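Based on the hints, put chain B in the right spot on chain A.
The listed protein sequences correspond, in order, to chains A and B.
To convert, count from 1 in the first sequence and add 55; that's the working numbering.
To convert, count from 1 in the second sequence and add 223; that's the working numbering.
These aren't lab readings, by the way, just hints derived from the structure by calculation.
Please read these numbers as outputs of a predicted model, since none were measured by experiment.
Any given hint might turn out to be false.
[Claimed, not checked] If you want a taste of the chain B side facing chain A, the calculated C-beta under 7 Å gives, among others: (1) Arg265; (2) Val326; (3) Glu327; (4) Val338; (5) Arg339; (6) Gly344; (7) Thr345; (8) Thr354; (9) Glu395; (10) Cys404; (11) Glu407; (12) Met454; (13) Ala458; (14) Ser462.
[Unchecked claim] Which bits of chain A does chain B cover? Going by a derived footprint, with three or more residues having C-beta under 8 Å, they are: (15) 158–167; (16) 171–184.
For every residue, glycine included, the Cβ atom is placed at its ideal position computed from N, Cα and C.
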Amino acid sequence: MAAVDVVVSGVGVAVSGIAGPDDLLRRTPAGAQGDDPARRLTGKGLRYKDRATRLALCAGRDALADAGLLNDPGLTVPSETVGVVVSSNYGNVDTICDTVSTIAAETYVGLSPMALPATASNVIASWLAIWFRLRGANLTMCNGPTSGLDAVNWGRLLVLAGRVDRVLVVGVEPANAPVRHLVSGGRSNGDDDLRLFDGAAALLLESAAAARDRGVEALAELGPYARKADQPAAVASIRRTDPRPVDMWFGAGAGGPAGMTEQTSYDLTAYHGHCSGALGVLQCVAGTAWLSGHDRGAVLASADGDGSDAAAALLLTAGTRPGPAAGDRR
Amino acid sequence: MTALVVGMGAVASIGGSTVEFFDSLCAGYSGLAELRGFDRSRYRAQHAYEIDDRPGPGRDETLRASRWLEQAVGAALRDAGLDDDLADTPVLVGTTLRELRSVELSWRDGVPFDVRDLHFGTALANRFGATDTHTVANACSASLYTLGLGMDLLDVGAADTVVVAGVDTITESTYGLLDRCYPEAPEQVRPFDRDRRGMLQGEGAVAVVLRREADGPGAGHRHARVRGVAMNCDAYHPSAPDAKSIALVTREAHRRAGIEPADVDLLMLHGTGTALNDEAEAQAVREVFSGVTPSPWMTAIKSMTGHTAGASGLHSLVVAVETLRSGVVPPILGLDNPIDEVEGFRLVREHAELASLRVAQVDSFGFGGLNAVAIVEKVS
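This is chain A alone, in the form it adopts within the complex (with noise of 0.2 Å):
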């Protein structure tokens, strides 16, 4: 499956009192007094959409200019070569619950017209390719706990299948009173320990032929990937397809790589709380600003799954490959 090489070649995140990737790298709690990052982005257009799809909207704008690809107006590329790939588990839950509410209040007669594109979960997906004219393939991807690890490996299939060049994977969760009942099976009122992510972080993944051809960096590439029922045996199918040793990993619970200390793991839950369907696209924008500052190495992203189905892990390596890897390419 590693007849093309995929690559990161820009990042972006939308977070409460982080200021970019490499502010994910501090450990500290996503600041309470920070701005609202979805504030970023201003103008009529944003209108009548969903929180989530105005975080994805501020993640998915930095990653796409810092791979280089915004032109003003439009892109640098051709439309049709540039994917999207979105990873929300609850990103829509807020305006189905306010539209029930009000069915039950005012029946339908209540309702705003305006408000049916965000009852199907591809409404974030659908803004990002209008707002930045984004034609090839467009996923959403709502798959539980291991959903933003899918989402990056999704987004490398797709350029591995030759249907477009790159793609842009925003991983994005909203943290609000219908997200805060689900989570919780109903239990949370908001006075309790339950934090929710409210934010979202953006890849853009493209071949590295194109990478090259336009003439960018590439930060990261990415290696392989596991879903398996635990994260001990994601993990494990990581290592047996690539055994380098593994500088950092962004993770946690039982399982993890071997050796690693308090200094090479980092939890990013502890700090930014519950991050659901945006956790492996933030473990991967943190991932590449860990590798962004050492010229190799290779970072592990896994989610344990928090009691789900399944567990999930990707490896994030710097562009140089030691070993036979390397002397294979000369």
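Chain B alone, transformed into the frame defined by chain A:
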């Protein structure tokens, strides 16, 4: 690369198995009925194409979509000669509304619902031991998109067998908002008719097992060959379709399949019975099939299944496969006065047609300008 459809399963208002489903369509039997699970006093529209399996009239329950998905996947696996242990076999599930009906019941009525059941991996892990599962929320083109993704997994060698599926249940939020948007409440889905008023939701699930043709069907059947799937995005409007983009994705599907428009014998239209879809789709068909006479045979099953949303693309594909095999093309119900845009199209109306067919095109479009078109071929 081409793939074989080696197993199929389908569930809808008109039947609980592939055979029942196809026979109902050929007989012109519709799943249309008055709303069963919602409080009807809250809506102007009163009809839908629901599966009649609720605990009682006006009473709804959680996890119906998961149940039908398990039923369809189980049937497809049996048909493919596979056992119920999926392990690492990828399962891609296309859906518009996931288990959001369960979320509605939890939020409004306090019915217990575990957030882990919001995506379908949990149900598939419990029932089939599946670990490589993916819930793809790609609106009403979702399951045909999963067909394209499944083909890609086979093509790059990431899997030898892939299960692609679709499922959707009716939700009050979507039903209410559609009711709010249409000038008049639809009483039935009437694709391409002048008097169409919009779409009504349908319920159902579908699953298809795929293998690379070069590897043979394994323990399954050679139901049909998938020659290619194209998918794109209009990047134009959150709900309205774009005829130009539909024509583009159709041409791309033909290119991937290595066929010309004149090779298409059967066209499974998306045909939702909304003003916008039917016009845009007809315009795109007219553009791509210009000069092809007679036109391919065309039909639109939503006139009997309702709009089964995320399941609808693969529902149409299952019908295409059965039609290629049997030579029976189901009719479009309720098409009394076709719109001008379809003049000259060989639309099957009133009753099923018998025809000898080799190549079928399946259309599937969704909110967000998501388009997918598949080309399937009879295996002789």
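Tested hints:
Checking arginine 265(B) against chain A by beta carbon gives a least distance of about 5 Å; that is within 7 Å, so the hint holds. A distance limit of 7 Å between C-beta atoms decides the matter here; for valine 326(B) the minimum to chain A is near 6 Å, and the interface restraint holds. At a threshold of 7 Å, the smallest CB-CB gap from glutamate 327(B) to chain A is about 5 Å, leaving the interface hint in force. Among the interface hints, the one on valine 338(B) holds; its C-beta lies about 5 Å from the nearest C-beta in chain A, closer than the 7 Å criterion.
Hint on arginine 339(B) holds. Least Cβ distance to chain A is approximately 5 Å, under the 7 Å limit. Annotation: glycine 344(B) was flagged as interfacial toward chain A, and the flag holds, the nearest CB pair being 4 Å apart, inside 7 Å. This hint holds: threonine 345(B) has a C-beta 4 Å from the nearest C-beta of chain A, less than the 7 Å allowed. Interface restraint check for threonine 354(B): the shortest CB-CB distance to chain A comes to about 5 Å, inside 7 Å, so the restraint holds.
Proximity of glutamate 395(B) to chain A holds as hinted, the smallest CB-CB distance being about 5 Å (cut-off 7 Å). For the restraint placing cysteine 404(B) at the interface with chain A, the shortest Cβ-Cβ distance is roughly 5 Å, inside the 7 Å limit, so the hint holds. About 14 Å separates the beta-carbon of glutamate 407(B) from the nearest beta-carbon of chain A, more than 7 Å, and the hint is not met. A distance limit of 7 Å between C-beta atoms decides the matter here; for methionine 454(B) the minimum to chain A is near 5 Å, and the interface restraint holds.
Taken as an interface hint, alanine 458(B) checks out: its beta carbon lies about 4 Å from the nearest beta carbon of chain A, inside 7 Å. About 5 Å separates the beta-carbon of serine 462(B) from the nearest beta-carbon of chain A, less than 7 Å, and the hint is met. With 7 residues bearing a CB less than 8 Å from a CB of chain B, the stretch 158–167 of chain A meets the requirement of three and the coverage assertion stands. Requiring three or more residues with a Cβ within less than 8 Å of a Cβ of chain B, the coverage given for the stretch 171–184 of chain A holds, as 11 such residues are present.
The structure fails hint 11 only (numbered hints given earlier).
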